[in-house]
Structures are given as C-alpha cells and as structure tokens.
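Residue numbering for the sequence shown follows my numbering, beginning at 1 and increasing consecutively.
The reader is advised that the hints may include incorrect statements.
Below 25 Å or equal to it, Euclidean Cα-Cα: the simulated DSS-like pairs (lysine-lysine) are [claimed, not checked]:
{"id": "1", "residue 1": "K17", "residue 2": "K27"}
{"id": "2", "residue 1": "K51", "residue 2": "K329"}
{"id": "3", "residue 1": "K15", "residue 2": "K380"}
{"id": "4", "residue 1": "K299", "residue 2": "K318"}
{"id": "5", "residue 1": "K17", "residue 2": "K380"}
{"id": "6", "residue 1": "K82", "residue 2": "K299"}
{"id": "7", "residue 1": "K380", "residue 2": "K361"}
{"id": "8", "residue 1": "K164", "residue 2": "K5"}
{"id": "9", "residue 1": "K17", "residue 2": "K54"}
{"id": "10", "residue 1": "K51", "residue 2": "K118"}
{"id": "11", "residue 1": "K15", "residue 2": "K78"}
The set of hints was computed from the structure by calculation and includes no laboratory data.
Since the model is a prediction, treat every value here as computed from it, not as a measurement.
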Amino acid sequence: MMSEKARQMEESWEKDKRWDGINRPYKASDVIRLRGSLEVEYTIARRGAEKLWKLLHTEDFVPALGALTGNQAMQQVKAGLKAIYLSGWQVAADANLSGSMYPDQSLYPANSVPDVVKRINRALQRADQIHYMEGKEDIDWYAPIVADAEAGFGGQLNVFELMKSMIEAGAAGVHFEDQLSSEKKCGHLGGKVLLPTQTAVRNLIAARFAADVMGVPTILIARTDANAADLITSDIDPYDAPFLTGERTSEGFYKTKSGLDQAIARGLAYAPYADLIWCETSEPNIEEARRFRQAIHEKFPGKLLAYNCSPSFNWKAKLDDASILNFQKELGEMGYKFQFVTLAGFHALNHGMFELARQYKNRGMAAYSELQQAEFASEKYGYTATRHQREVGTSYFDEVAQVVSGGTSSTTALKGSTEAEQFQP
C-alpha cells in the first residue's frame, strides 16, 4: 500500500506540469513514510494553492494588499482583489499572540502568523456564509492567502513545522527569506545577516517537504535579502566565496559585497526549489527588476517572480505619476506575477483613524457623519459594512435561531434594531 502511494506520487512529480522545474532531493517514499497512516485533507489550503497557481498563469499579474485583520481581508475581496497578502511586519506590529507591539525582527511567537491566517480564513468563511444565505453567489470569498514565514524562526526543523502550521491554518502560499533568524530584520532596515546559500536552500527543501507531507501543493516563494545584506554567518559554502570581503565583525560574522549580483546568485540557487523568486529591493527600480529577471530567466526561462511594492519606498520622490501608474503593468510583462503592498493594512488603519480622530477632535459628530456618508456613497461599488450588524453575521445567527426553534424564536436580533429601521439597503 505504501509503495503504491509512493509510486503514484513519484509519477505525479514527473508528469504533472505543476512540478515542472521543481527539484526534490528526497523520495516520495520518504513523504509517505513520515505522513502517518491517516491522510488529513486541508481543503482551504489546497483550494487556495490551486487557485493561486491558476491566477499566476492566467492573469497579467496578481496584485495583493497586506491585510491585518479578517475584516480588512473581507473588504479587499469585496472590492475585487483576488489574493490576500499577510505580512509578518504587520503581525509583529499589531496582531501577534504575545499582545505586544514589535518591530519586524522575529520577536513575536512563531505561531502568530498561522493564527492570523486562520482568523482571516474564518472571517472570509463567515462572509461567504452570510452571502450564500442571502442567495448571492457572485463573490468567491475564499481568496488565497500568501503568508510571511520570515526566516523560519530557527533551522530546518523549525521551517518544517512552521510550514505545516501555515497549511493547517489555510495558507495558499508561504515565503521564506535567507536571513539568519536570530538577527532577522525588515528588508528595509540595516544589520541583515545572510545564511550560507546551502543553508537557505535546505530551508526551502524543508518547506517543500512539509507541504508534500501535508499533501498540499502550497506555493513556495523564496525571498533573498542579498541585494542589501552585507553580512553572512559563515564562509563554509564555496558558492558564497565570490562575495566575501575577508573581513569579520565583532560578532564573528563575515562581511560580503551586497548588491544585485549577490542577489542574482541567490535567486539562481533557489530557483530549482521554489515556485517564485523574490528579490527584496530598496527602491522601485524598473531597470533593476529587469536585470534580475533577465539573469533568472536566462537559466530558468519563465520562472515566476514576485515583487514587493513596498510602503518603505517614497514613491513620489522616486517616480513621476505616469511611471507609478504603469509600474506594476511593466513588472507584470517582465514575469513578476505576484505583486503586493506589504503594509497596506497598517497604513490604511493608522492614517484612516488618525484623520477621523483629528477631524472628530475639532468638529465632533460632523466628522463622524462625513465618514458615514462616505460609506453610503461606496455602497454603489459593493461596500456593505455601513450595516455593521449584518456585516458581522447577526442575520446569519438569527437564521440559526429560527431553524433551531422551528421558526418560533422571539429573540432574534436584527428585527427591531436601529440598523433595520435606519439603514435599509
């Protein structure tokens, strides 16, 4: 039985176009042997991965915004976005399981991002239940989530377990970066320390192996920070030798020649093991992106690429209006098929609340009324959160109460509410 399952898996790896160009230095029998006797189905993760893979091959590019909460993700889907990005930076700042605010340095509990993936998927599930109950099927609420696994929070076994947790939570795609986890920094901060290339590759293998054990074709994204990072833990890997300067730091790290050449070398090393390659950059630079793409595609034609359209860039200071407008289109034409704004949720939440608070301080309820009127005006585009009771499922649980009581419940919530009286759609 085990050998037959392994044979079928090996055949799938060999013949299914989904796995073209993917190198697995382990056997299908290893996957089956370590999976256990009961094969659990992870429906949301599998459906999301399959959907995202199709989008990456049928859309000009897949745009996404970083969501911080389930409700932010709901609004993104409602507005027409087809994928959701979940940033570790945002989880560190305001959504981690320690309940503390942190910078992007892997200081929060390692299961925090999977927990937010789960919360987002549960919010989308509730939105789908409400929508379907109302007889509507025009929105596919289960948008695939691409989640940030940072540097894996440790070594290869930590990567293996974190990837499994992401899949259990329903992530469609996961990215890992090539920094030393204990010194991890946001890609736009200084002090980044690279892992040896062979160690980073081993982490990617551990992530793929975890997905295979779980039986889900998770989209694996390899990120390199080598464009800016000028430190590395060790000189053990000959592949890294061309970039070593010979200098050491007080912590024992080795200095490297940061830059695009180092990033390209990393991208080429990761390409056989990942579905997409992401080179973290310090500015929105089309020519830099083109050079990276040309180097990757010269050896790996058609390899999918990802690009962080980062809020850490001062867009107007770097590009004119026309260039900003066409930036993602140009990237898409080059093969950057997943493009995302990592911290969109953080900035939307903070600026939106700051502006409301500033106006409310000076003008009281006139300021809040203007927000409410703006919500009403957005209803013609599909916005529904003006009716906040309905938005979070009050009508859904009224229906549950009616079914359980045989239609005789006298304690349903929406009937007789101010929302039913004053906020008719």
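Going through the hints against the structure:
1. For the proposed pair K17 and K27, the alpha carbon gap of about 18 Å is at most 25 Å, so the pair holds.
2. As the CA atoms of K51 and K329 are separated by approximately 21 Å, the hinted pair is consistent with the 25 Å bound.
3. Using a Cα cut-off of 25 Å, the hinted pair K15 and K380 is violated, with the two alpha carbons roughly 47 Å apart.
4. Between K299 and K318, the direct Cα distance comes to roughly 31 Å. Violation of the 25 Å bound is thereby established for this hinted pair.
5. For the suggested pair K17 and K380, the alpha carbons sit about 42 Å apart, so the restraint of at most 25 Å is broken.
6. Distance restraint check for K82 and K299: the Cα-Cα separation of roughly 30 Å exceeds the 25 Å cut-off, and the hinted pair is therefore not satisfied.
7. The straight-line distance between the Cα atoms of K380 and K361 is roughly 30 Å, outside the 25 Å bound, and the hint therefore fails.
8. Between K164 and K5, the direct Cα distance comes to roughly 21 Å. Compliance with the 25 Å bound is thereby established for this hinted pair.
9. Taken as a hint, the K17 and K54 pair is honoured in the structure, with Cα atoms around 12 Å apart against an allowance of 25 Å.
10. For the given pair, K51 sits about 18 Å from K118 by alpha-carbon distance, which is consistent with the 25 Å threshold.
11. Taking the CA atoms of K15 and K78, the gap is near 37 Å; set against the 25 Å cutoff, the hint is violated.
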